[in-house]
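Participant: Line by line, the protein sequences give chains A and B.
This note's numbering puts the first residue of the first sequence at 26, with every later residue one more than the last.
This note's numbering puts the first residue of the second sequence at 352, with every later residue one more than the last.
Incomplete in silico selection of chain A near chain B, CB under 7 angstroms:
1. Ile-80
2. Glu-104
3. Arg-108
4. Met-112
5. Phe-114
6. Ser-116
7. Ala-118
8. Phe-120
9. Phe-131
10. Gly-132
11. Gln-135
12. Gly-136
The set of hints was computed from the structure by calculation and includes no laboratory data.
Please read these numbers as outputs of a predicted model, since none were measured by experiment.
Positions of the beta carbon are idealized from the N, C-alpha and C atoms, including for glycine.
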Amino acid sequence: MTDTPKIELKNVTKRFGSKVVLDDLSLVVPKGKSLVVIGGSGTGKSVMLKCVLGILRPEKGEIFVDGQNVLKMSTTEREQSLRKFGMLFQSAALFDSLPVWQNVAFGLIQGRKMRRKEAKEIAIAKLAKVGLGAEVSELYPAELSGGMQKRVGLARAIATDPEIIFFDEPTTGLDPIMADVINDLIVDSVKDLGATALSITHDMASARKIADEIAMIHKGRIIWAGPRSEIDSSGNDYVDQFIHGRATGPIKMDVLKP
Amino acid sequence: MNFFAIIGRVILALLGEIGRLALFTWSSVSHIFRPPFFWRLLGQQMMRIGYFSLPVVALTAFFTGGALALQIYYGGSTINSESIVATIVALGITRELGPVMAGLMVAGRVSAAIAAELGTMKVTEQIDALTTLSTNPYKYLVVPRLVAAVITLPLLVFIADVIGVMGGFIVSTASLHFNPGVYVQNTINFLKADDVTSGLIKAGVFGFIIALMGCFQGFNSKGGAQGVGRATTNAVVTASILILASNYVMTSLLFAK
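The following block holds chain B by itself, in its conformation from the complex (with noise of 0.2 angstroms):
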């Protein structure tokens, strides 16, 4: 085959699911806003998406901050700056490595259960049922996973903040032999508003990012059990790649001298 039409091919499929996914967010963000309302399925997912995700975000989150402590600890040995430890530990966690760890542990376990869930519909022709219950699909399937997933995601990052930090602290302490106190003081010394905040801002953006690709990839699947399984491949891949690059964007403007 011509090697340019298969650059071609490949840029207009590129673009085709560019377009695909775009219609798909504003069809999903335009349902939010309009009645009806199924605040039950909400608390549903809320449940399903924060909830049940603790144990996973909070184990993460207390060894990544422990690893984090330990490279520190032995980078800034090196140049005697030990003493610096607990406020790479909060900044670090606080503002880049909670939410990230948190947003692709969520992604790996959420995206994929969506997208299996609506895809494993789709293929069954229940999303096709929903249309004939006069009931809309996005607002019924779409919309409450979206908003779980949006005001869910900053509360997970918030625990995962403070289990990262203590477990740098329990490092440090405990193997490390920092004193307890003085760890504590330069935590709350050099920790502000501003670095919680931010990751917070960053864990609502990964939270609909998680819950948008799992529903478009579980509503663009077909071809029976092979085809659901490539939805929730793609949706856990997409997610976690928009994830990263989302946050270095958010990164690059938040903090942005």
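Looking at chain A on its own, in the form it has when it is part of the complex (with noise of 0.2 angstroms):
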């Protein structure tokens, strides 16, 4: 069984009321490679990394991580499995009553029960990994620059050295630099840690930049997936004009024009 993917979401369906946010969605991550979904906003990217962690609960469908159907685990062989995740949330979601260690080191001592100083001293070393220096460690998440704070979240992500990891826009709000030293940070991690990363973006450059394979969610459905290098030739109208960011195209949006 060496070609069981490492997560993989069958005919998933999520609703909100009577909004269907997930629709019959179907998704492969094979292992050790970098998938890359994009979609505009409201497509349902981030609800369906929320469905893989359990946060959200669909209502149809089946979730595999490692060949293991996720939706039917207890509370407890859950929390197991979350074990294997790391994750950088869009706004970093630092916890900003701990300073930046603690913030870094949060999976290790609390999750895993590792001595302080211990944990203290890796997170350094993982804050060294994103460029930042030791005297960031003491302050708190307020006194960062929103880049520094993508930093930590990424330190954070990759602290516990997990076998998944999952980027909620990375490059969001960043300037195009900082967004490029991100990306760059990103492959280099997931490179060096051998993980699996499944990443949401609307920012193309960034896709670009740490896909190995891309998929396109429209209306709650993957409309295409390929190798990032068959992006530009997919023949697929709505790839074709979101990646060229155009306003007119199959993609309808819903602005009305006065």
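Make one complex out of these two single chains by using the hints.
Facilitator: Quick look at the structure:
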């Protein structure tokens, strides 16, 4: 069973009230690959990640991690399975009541019961990996710039050496140069860990840089998937419209013209 | 819109909310007894909820005891029974006013703070982040607050009892010219241990309500700053109403003859 995908979503449907956000969505993330899901705002990208993490529960479908159906696990099994994951949030989601090093070491101290001193050393090493000096470790998240917060968030995501890393809009809200720095860090840290990565973004520059494979989501469905090299010759009008950022095409924005 | 549709919608929303609260309560309570336990956080919350509420609770109790003494004196003197002041102050404070006033003041202070803190954590995805760091948000956030409030509220109320009775004593002796010795004697003679313990039991329940409503509203807040504001208001209002309602129920149960 060498070809068991790391993550597999089968016919997943998630509704909020009468609004269908994920519509019979299926997606496969092969082991050790970096898959980037592109798509506009409100197409269900974040909801998809939260379903895999168990923060949201889909109404229908199956989600497999390492071949195990996570929706059928007990709470304890689920918590065990979550140890494989690391996640970088869109807004970094750092704990503002804790200094930087405790943020990075959180998964080690609370999740794995490591001694604080040992965890702090690892935290500082991980901060160095994302280009932050030890002097940052005693600051609080509110004292950092957006780009630094993202880097601390990345250090936190990789602190426990996870097998799977999720990136939720890793470059949103950053200047182009900092965005590229983050992209490089993502590529490096995923390679270092040999991890499987699942990212969602609407930033094509970022997608081209960090993806092995790209999938496009539209209205809760995957409408195209393939290797990064084929994105420009997909022959799919939706993909073409999105990657070239055109206002006109098959994707209609709900914008009322005066 | 159809009149009945409006009623139906309101009732469904209410039942939905009660259901959500019941599930939340069950998850929270079941996590109290399952490891891991976060002792450091429990200590922190006991300081925040208990120790830092002391000044507010002490001042409230002091002035309530004083006002109670004045009212009983004015009322009692119309039927020549001023001597009852000491007894009624002691009973009133320990049985009802100590727990209820302390509960309401702490509800205002602590429920609001918890709802605002957890609500902000919710809308900035910090609670989701806990899950991805293999830390259960109920164990890490809810349980320490819940347990800290249930432990510290009785302690606060005990202090409120002492200060409230003292407030009555000071007003009675300084401004109403009661004999201090007789006042103390009357207080001791009529006050039983049951009066105090019933108030402390109530306090434990109020502590549970205060922390639970703060956490529940915080966890369910959505939509940024406005959502957090609404959660904070809801936490204080629902906690206060539940305190008053449960106080009535407990009084009728504890003092049923």
